[in-house]
Structures are given as structure tokens and as C-alpha cells.
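Novice: Chain residues, written in single-letter form:
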Amino acid sequence: MTEAGSKLFCNCKANYRGMEPNTNVCPVCIGLPGALPVVNRKSVELALAASLAFSCSTPEYIVFTRKHYFYPDLPKNYQISMYERAGGVPICRGGRVRYLDIHAWEWKECRLRRINIEEDPGKTVYGEGGILRSAEAYVDYNRSGVPLLEIITEPDLGSAREARQLVEYVLLVLEYLGVTNPRLEGAFRVDANVSVEGGERVEVKNIGSTLDVERAINYEIMRQSAILSSGGKVERETRHWDAERGSTRPLRQKEQEEDYLYFPDPDLPPIFLREMVDRARSLAALNDPSALFAQVVELGVSKEMAWSLVTTRPALELFLQSVKRGADPQLSARLIAVDYKGELREKNRDPYDPSSWPATEYVTELVRLVKEGVYTYDAVKGIVLPKLAENPMVDLKSVLPQRAENLDSIIDEVLKREERAVKDYLSGKAQAMNYLVGAVIKATGKKALDPRAIREAIEKRLGRGS
Amino acid sequence: MKSREAWQELEKIREGRDVVGHVEEVLARVEKWEGEVKAYISLEIPELLRQRGEELERRLRKGEKVGKLAGLLVSVKDNICTTALPTTAGSRMLDGYVSPYNATVVERLLAEDAIVIGKTNLDEFAMGSTTELSAFWPTRNPWDLTRVPGGSSGGSASSLAYGGADLSLGSDTGGSARLPAAYTATVGLKPTYGLVSRYGLIPYGNSLEQISPMARSVRDVALLLEVIGGWDARDATSLRVGSPVFSLEPAEARGQKICLVKEMVEGAEEPVEKLFWNVVEKLSSEGAELEEVRIPVLSKALPTYYTIAFAEAASNLARYAGIFYPSKGSSGIWEEYVGEARAKGFGREVKRRILMGVYALSEGFRDEFYVAATRVRRAIRDEVLKLTRRCIIAAQASPILPPRIGERLDDPLKLYYMDMYTVVANLAGVPALVQPIGFSHGLPVGIQWIAGPLEEQKLISLGLLVESLTGLAGVMVD
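Protein sequence lines correspond, in order, to chains V and H.
If you read the first sequence in our numbering, its first letter stands for residue 151, the second for the next number, and so on.
If you read the second sequence in our numbering, its first letter stands for residue -1, the second for the next number, and so on.
Rather than coming from a laboratory, the hints here were simulated on the basis of the structure.
Negatives, chain V to chain H, calculated, CB over 12 Å:
1. Thr173
2. Ile252
3. Ser375
4. Glu496
5. Ala607
What the simulated footprint calls covered on chain V by chain H, stretch by stretch (three residues with Cβ under 8 Å from a Cβ of chain H suffice, anywhere in the stretch; the number is not a length):
6. 179 to 191
7. 223 to 230
8. 409 to 420
Derived CB-CB ranges, DEER-like:
9. Lys383/V x Glu334/H: 26 to 36 Å
10. Asn172/V x Trp135/H: 32 to 42 Å
11. Leu361/V x Leu383/H: 57 to 67 Å
12. Glu210/V x Glu53/H: 47 to 57 Å
13. Arg238/H x Gly280/V: 44 to 54 Å
14. Lys342/H x Glu170/V: 29 to 39 Å
15. Glu53/H x Asn172/V: 32 to 42 Å
16. Lys412/H x Arg429/V: 49 to 59 Å
17. Phe220/V x Gly240/H: 34 to 44 Å
18. Arg238/H x Gly155/V: 19 to 29 Å
19. Glu29/H x Arg235/V: 56 to 66 Å
20. Arg243/V x Arg376/H: 19 to 29 Å
21. Tyr288/V x Arg59/H: 53 to 63 Å
Every residue gets a Cβ at the ideal spot worked out from N, C-alpha and C, and that includes glycine.
With the rest of the complex left out, here is chain V:
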């Protein structure tokens, strides 16, 4: 939950990125003797909103649980997490995610088993040679205590691609709720449980991107199938995803369930959710990507473009604002979701940063100009958008293709002068038109004119225009 502001149980920052090691710490998050955790309510509210967004049955109150295991980056040697037994009460039990399959353009459903709120451990950094060969290991506790949502699905996913789409959609929902910024380093991790018919379940840990979700699962399916088809047995185990090599390797055999000695954290009394539910519910309702997608499609925008808008929130906001102020939905969608977004990509600008996008008035104005035939769409796309993408704050007038004020009379003049070319054109020599357009532009003495518009004007003049 990168956007929770502070860590789950203290006032250190939830977003530790870019900080010197061990500078985002306090007695609570490094577990000094006598320090006590106090829940950051915002984390709970965000988690509750996520639970509601995924149709969970939410309890009257939640109870945090201690989960014990010894590890150098876990300062208390227990993690404050959630558990459904021994007196613990997780924030969500039994929900579902409806996620969009963007290949078939249909909604699919995956059941959720549980959502836990828990604290992240610190980070172990190895010296040269990595985890296997380095003689040194360094621990950075900046991340220790950062709030995490652990979302556990039921085994409802049939393919690696489905798994990836589910993860992408879940991240989108969480981003809309303001829970996380999935593009931040280490904002999410995925553990995938993969089993092929005839074998045991294998857990793959350390998957750090949505692309790798698909890659890791496909690799695992392939690996397990190969073992089975050659008569081998797939044992229950935990494996580690190596993104660089694109393969998994064994981490530990799971002979039995580890004993985490779960019990409710006596330092944290139950937290009643009643006061938070209304706010969380409206947060979830106002930020539902599926509803927003439907709203855009309803306006006549294609599903592809609608999805492109929804997956880039500043683009969607800009689109909705523009349409609200009367801009044509289809044109706006095309301009924002396809061409401007494309320009941003080309210029390596962050489409998720609202400041990469122009003001609503720019969009409404451009769409109006195209709609009223003042400019062609191509002129806007080819001349205006690249300049805007460079500097969305630039004065719009300064990047609009200039129009010669007495264009009609200039055209008349040129046509009179270039009788020969006119004749050629009228007799079927298409390339003569290019010459005429060039002559007109030359006659105006200006460069930033829209050639397509001039061509159209000439054709009209010659009685060929559509």
C-alpha cells in the first residue's frame, strides 16, 4: 500500500523509495524493546475499500495476528498479519474479482479466499555474488512495517494469461482506490501456485511484474508437464522465480505446514469497522474501473480505446472532463487514448503523471476545430499533438497550424498563374496537386500550414472537393 502515507504501525513513511538505508525507521518498526504498534487508520480504510470493491463479506471488527518466523529482516521475528483462526479476524473473507479479459473482451470471475493486512519485513541486500555466493548480507529496514495487502484467490484460474489479467485488473482497482502505485519499484509481489493435473501444487515466489506472472506460470506449466510426461512425479515444493534467467529454481521442500504459532496480537485491540464502512463504500463506488469502462463504452467509444483510457487514469479524467464540456466523445477518445498517449510514449513521458497531459480546454478546443472543419484531424495529430506532448502547458495558439487570412484569394491567384498544372491535374495527373499545394504554401510565405486543408480547399475550388 504505497499510498497509505505512513507505515502500518508507526509514523515512518510508507513510500521509502530513494531513501538512504535505515533512515526511515523508528523504535516501533525496528521492534525495539518496549515499543508498541498503533494502527494507521488510513491503511485499514484503504484495505476496507479494497475488500468492498472485491465484494468481500467484511467483519464487524478486525483482529491482527502475530505470525512467527525467524529471519534477519524481520526485526521482531514475528510479522503482524492476519489469520482466520485462533481468535484472529481478517479484513476480508470470501470475495470475488470480476476482471476483464482484454482478448475476448469479456468479464471473468475469480473468487477470493481472504485479504490480509500485514506489515512488510525489511529488505536483505546481498553483496557481490548475490544470495548464493556473497559473504555479506545487509539489512535495510526502511521497508519494515510498510502496510501490505495480501490478496489470496481460490484456484479459479485456468491459464497464465488469465492469471496475468487478474493481477493487472486487481492492481488497477487498487490504483483507482488510491491504495497503491503499481509502477513503483517493489509495489507488489506475486506468489503463484501452479499445479498440473497429476502433480502436486508448486508455489512460485518472487514474481515482481505482471509480465513475469505470465512467464513464470507458463514456465512452471511447461516444467511440470515435462516431468509428468516423462513418468516423473511433481512434489509439493516452493520455488523461486528468477526473472533474469526466466526460470524457477527450488527454494525449499514443503514437507509439512510450517508452524507460525499464530495468535492475536495482544498489543492491538480489535478495530471496529462500522465508522469506516460508509466512506470506504463510497470510495470503492466512485473508483470502480469496470463502471468507468462501461461509462466510456456507453458514449460510443470502442472497447479498445475505452480500456486504454481506463488503464491510464489521467487520460480517463481528461476524457471525461472534455466530454462533460461538450467535446465529441469518439474524437476525444481517439485524440487522448490513441494519439496523444502515443506521442507521450514516443517522447518517453510518463502518461500516469497528470502533468504530462494538457488542460481540458485544449482538448475541447482541438476537438471543436476538427469537428467544425477548421483543421483536419491529421493536422492536429501531426502538428499539434507532438508539440503539446513536449510541453502540455504551451500556449495552444502558438502550436496550431497557421491559417493564411486571405487563403481563398491566394489560391485563386495561384490557380490562375499555374494554368498548366491545373490542366494536368484536371486531366488526371494526381501529382500535379502536390505542386499546386506547394505553390500555395510558398505564396503565403508561411510554413506551418496544414497541407491537407489546402489540398481540400483547392479541390473545392476546382469543383472536385467532396
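Got chain V sorted already, so can you dock chain H onto it with the hints?
Specialist: What follows is chain H alone, placed relative to chain V:
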């Protein structure tokens, strides 16, 4: 036998008595007794204490406002974090550890101009009832140096009993402040769970314990509780109540309803019994109403208490791996390093409790032990709350007189049995006061009063009444 109450010292200081003189007086007591009693693990440098005294004197002379505890010397149990002195919790594991922050209660003491004189000895991580299980040395009982002062706040109790502090902070998980009070003729009040912030108390059994004011009189205990009590944002289990303010009017015996719970009265050895009934009958003859009741579920109080406390302790102590605190291990392999650090750093009793706690929480045993104990605990609390709605509960403080040093060390069950009357208040989360009622063969005997949640006032009023009957306010050894 001498008598000295902290509030009297405070009045003298307010009336112009020099603070340094008071500091010297207490230091003289330390000089006289500490060598044999060994109540302190660390003592503040005398010169610094004198300087603090001079500072306060200057402020008093200028007519500046000073805090409620100005010039009083307070000893602090060594499981309560302080920045000025190390905090060891009586364990080798934390030998030399200096906390980078002060416990909330210490902040509040300092804000009221109290002077922290030193950190007192305790059974390792407060696990024990005699203060013999300190990793450093046993503390002796000033009333009889061959005997224990009780535990685990034995250092605090002894420091008071010989006049080496005006007030003291102890902690009470299952009687750790009250048992030593009973054994040293001092007063210990275990507050309602949540009245005093636990922030900065090194936890043993989080759901049971409270930092507890200890002193030589009921009035002094009330004074200290007024300073340390009240809500603290840093402790999620602290109650949303302001600092308590107590009336110092003794209760009237007439109309006082006292319940004698058989399970908490019977079973004590004879001299203890006798003194207990003396006081109860005296109160009755002065008009208090006595009622005898039974709470059969209390027969399970001790195993219930120990199951919960050990489970919480096993978890709390997981963090001591020799990583953040002075290193204990030597091997370069992490698993071995941690194993060695814990093997060397923890004492026998601590290890025993960790093992039993882990057992009680293990998959397959958790329902039978930990979960079952939490259920019995609720039943006990319900019964106690039912009773405290209509009366104050009178109970023994300890089944025995202070044992000799070494006497109870070999048999853990005998040790646990010493807490049989005190654990009930911790399980129920209600306040309980232990105060002296007399001596048997020169050994102090105490009585315990238990009231409903946040009814500390009732305990204080009754305690003042009992003090007026026994005349045992402020007592300390010569």
C-alpha cells in the same frame, strides 16, 4: 522501624527545605543498605542527582512553578525504558542496552520534576516471584536479609523498604508489584488494564501487565498514579481517560461492602491467615459488611494465567536474537549465531517459559492450551466483574511469608504457586492494591483489595482507612 512518606518530603520541599539535603538523605540510605540489599542494577551518578536538586532549588527560590513530584527520588524497574540509564530487563541479553527513547511513564515523571535515582533489579524479563532469577544477582529483603523481597519488582520494593527511593515504578503481570509489596511492608497498586501506558515497558505478558506505582503509603501510591495514569496515543491498549485525580479522604468502614472470596482467602499459611482475619474483623467491627462468596472457576486461575503469559512471552522474546543489542553469538552463520545468542543470553526460567509458550501456541495444541485459556480467562473476568459491581474483594496477597533465598528456586511449580492470589486481577484487568497489615516474626504481611475497572479511588479510600487502623504508613527499616 522508621516512617517516611513521599508526600511529606514533597511538602517540606515546597516549604523551603533544600532539595539537595533531601537527595543526600536518600543517598545516605543507599550508602547504608545497597551493598547488602542490591536493589539497583544501575544507579545515577550522585553528583548528577545533586545537580538536579540544585537546579530545582534555584527554580523554587525564583518562585517558578515546579512539577507535582519536584525533588522526589523515584526508582524505576529495569524493564522500563530510560535514555539516561541502561535498561536490561534483568537479562544478559540486554546487558548494556541503552534505549534511545524514554517510556511514556518516565516522560511523565520527568515532566513533573521527579528525579530518577536508578534502575531496580528484577527477575529476568519480569519472569519470577522472588527477584532471584535476575541474571545479575538476587535482591535481598531489607527486613530480613536472608529472605527474598518477592518479585519480580523486588528491586523496587526493597529500594523503598530501606528508604533508597521516595517512590518507585514497578510492573505487575501476575502480581509482580503486589507480591513484593506484601513482602516488604510497602504498597503496590496494579492499575486497571489500560490506565497506565505500557509504551516503553519491555513486555512479558502484554495482555495482563501494567506499570504499577509502588511506595511506602497509600497516599504516595495515589500521588504517583496521578502522574503516570491517563491515555497515551502510543499505546493502543491504553484507555481513553484523562489523568486520574484522587480524593485522599479515607473510606468510612460503615457501609463498606467487602466480599471474601473463598478461593482467594483460603490456603495461606497460618501467620498470614491470622493477620488477614485481624484486619477483616476489625473492619467488620467498625461497621463494614462482610460477605463470603465462592468463585469455583478461580481454581483454574493459575494455569490459565501461566498459559497466556507464557504464550505471549514466547512471542515477545522472539526479537532477542543478538542482532540489535550487544552481540551474544560468535558464529558467522546466522542460524547458529541466533541460536547461540539465545542460548547464552537467556536464563533457565526464561527458556522454560519460552518453550512452554511455544508449546501452548503450536498447531494442534493451540486450541487445547492457548485458546482454552483465553476462554477460561473470559469466564474469570465475568465472575470478577459481577462481584466488583457490589463489593470490594478482600484477598490474601501471598500464601506464604517471604521465603528464604534459594528456598523456592528448584521447583518451578512452588514458584508459580506464590502468585495464586494475585493473578486474578491481571486476568480480569481490574485494579488491585496490596498494603501492609502487620509483621509475623519480623516479616511483613500484606493484604490485597480488588475493585472494578477504573475504581482505583475505592481502593485508595479503603487503603487509607486500613492504614489508619494499622498505623503502617511510610514504614521502612532503620
